[in-house]
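2 protein chains.
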Amino acid sequence: MEEWKQKKALIVEDELEIRNMIDGFLRKEGFSRIFHAGSCKEALVICASDKPDVAILDVMLPDGDGFGLLTSIRRFSQIPVIFLSARGEDEDRLLGLGLGADDYIVKPFLPRELVLRLLVILRRVYAPPKIDRLPVFQLGDSTIDLEAAIVTRDHHEYALTAKEHALLRKLYENRGRIVTSDALCQSVWGDDYYGYENTLMVHMRRIREKIEPCPSTPEYLLTVRGLGYKLLVKEEL
Amino acid sequence: MEEWKQKKALIVEDELEIRNMIDGFLRKEGFSRIFHAGSCKEALVICASDKPDVAILDVMLPDGDGFGLLTSIRRFSQIPVIFLSARGEDEDRLLGLGLGADDYIVKPFLPRELVLRLLVILRRVYAPPKIDRLPVFQLGDSTIDLEAAIVTRDHHEYALTAKEHALLRKLYENRGRIVTSDALCQSVWGDDYYGYENTLMVHMRRIREKIEPCPSTPEYLLTVRGLGYKLLVKEEL
DNA sequence: CAGGAACCTTACGACAACCTTAAATTGACT
DNA sequence: AGTCAATTTAAGGTTGTCGTAAGGTTCCTG
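These protein sequence lines map, in sequence, to chains V and A. Mapping of the first sequence onto UniProt numbering: position 186 corresponds to residue 186, and the numbering continues sequentially without gaps. Mapping of the second sequence onto UniProt numbering: position 168 corresponds to residue 168, and the numbering continues sequentially without gaps.
No wet-lab data here; the hints were simulated from the structure. Hints may contain errors.
Since the list gives no way to pick out one identical chain from another, each pair is judged satisfied if it fits inside one copy or across any two copies.
In silico EDC-like links for lysine to aspartate or glutamate, alpha-carbon gap of 16 Å or less [unchecked claim]:
| # | residue 1 | residue 2 |
| --- | --- | --- |
| 1 | Lys230 | Asp53 |
| 2 | Lys107 | Asp14 |
| 3 | Lys7 | Asp192 |
| 4 | Lys5 | Glu29 |
| 5 | Lys230 | Glu147 |
| 6 | Lys107 | Asp90 |
| 7 | Lys230 | Glu157 |
| 8 | Lys28 | Glu89 |
| 9 | Lys107 | Glu15 |
Start from the sequences, fold in the hints, and give me the full structure.
Quick look at the structure:
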């Protein structure tokens, strides 16, 4: 339900006091993965390394302004951004929004409003793909019902476990295309997926045992050496 | 490009003058499919029948307030909503945002800001599921699908290996231009690519065997003696 | 036209990438 | 505090990709 609060937020603000204040607001609302930056330079480093899910940018910064920073960030990332500024001038607001910011809040602001606007953005940007019903599809003789997490093949029913389900879902969303092991790991174990490569293989084997007539010579869930895996779906229901 | 402006917008506002003003702003910005409602009742009817893509709601309405209206709309639709209000009180803003509005703009407002915020929301909500997808392109009789890492040529499918894929990708990104051997090596083996020139040739040969009708007299993947290689792409899919 | 440089072509062996199985661990439910 | 299923770890096995090398071809230049 409230997995928004698991998202990583970056606060870019040179005044330590304000930064800590915002940090406090967010933590009080349940956010815990919060990064701080006091300058454009720091912000760019954190964006590149920690890959936050949303950024709150002050417009006034010691080594440049927030607008320039946003432009720099946009060169490699599409993360949503909220501007925060003591400068409420019309042109600033228009400039900020025009550059592709997701919101522009003028100081002083209500803590709760900041959080609400942050949640609005997270909800919209990271909303689960509007498919509220998972598909049922055919793979040769196997019928995969992702909604029920059941594979049916020659009068047998095999239940999918949580990880198997997550993996098959990701593969199905990218059917016909190669999905890298990294992408698969990330969709199952989140951002911190390092070291799960072998586990992934074991899960793939389990999936193959359920969907493939001959798991060791797969027809549908193919390995693409050096690149990843690919799910071949020939016909759709 | 600007397909946002094809989206259907609904303006709910009882004062005809303001409604027309907003309508004018939107039309000036390129919007053309605009619906009007002067009351909650009308608004609900239009939401149900015309299914607008975004709604701009005044908070003060003759037969109820915008908050109640939003609640009603949410019972059957998740369309994004912007509140527009002369009442800038903190509690109103928090209430509006808390109910699930996407923005809350206080009158008087800048026309351009309204439009920008509208665009931000449309972009956010109706953004095509981020397309960082690799291309599919044609090379004479061969179809190269980088996403699936497959080359199709006279009813045969040739799978691309990891290195071949990386090289073709780099070549495609620079299609029509010469790519130096150094650049190709670097994109495959990283900065420390010294000594891989011959290996590169072997890979190029293998790619040619998959994409060229006659690998020894290449038509598409050309050698530019002393400089590098060039991929000729005539037509795009 | 000789000689060298740049590039091509083919084949083969090593090894990283991947598979497979089984045992250990975790975690949920009694 | 015990059972069972799901997941992870571990370890040995398999194989396809890649890189090397060696001989061939083409192109350029003197």
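We went through each hint and held it up to the structure:
Proximity of Lys230 and Asp53 under a CA criterion of 16 Å is satisfied in neither setting, with 28 Å inside one chain copy and 35 Å between copies. With identical chains, the CA atoms of Lys107 and Asp14 are at most 16 Å apart within one copy only, with a shortest distance of 15 Å there and 32 Å across copies. Only within a single protomer do Lys7 and Asp192 lie at most 16 Å apart by alpha-carbon distance; the minimum there is 13 Å, versus 37 Å between protomers. Proximity of Lys5 to Glu29 under the C-alpha cut-off of 16 Å is restricted to the intra-copy arrangement: shortest distance 8 Å within a copy versus 36 Å between copies.
For a Cα distance limit of 16 Å, the shortest separation of Lys230 from Glu147 across copies, 10 Å, qualifies, whereas the shortest one inside one copy, 21 Å, does not. Taking CA atoms no more than 16 Å apart as the test, Lys107 paired with Asp90 passes in both settings, with 14 Å inside one copy and 14 Å between copies. For a Cα distance limit of 16 Å, the shortest separation of Lys230 from Glu157 across copies, 15 Å, qualifies, whereas the shortest one inside one copy, 23 Å, does not. When the C-alpha separation of Lys28 and Glu89 is checked against a cutoff of 16 Å, the pair qualifies neither within a copy, at 30 Å, nor between copies, at 23 Å.
In this assembly of identical chains, Lys107 and Glu15 lie within 16 Å of each other by CA distance solely inside one copy; the values are 13 Å within and 31 Å between copies.
Violation of the numbered hints given earlier is confined to hints 1 and 8; the remaining hints are satisfied by the structure.
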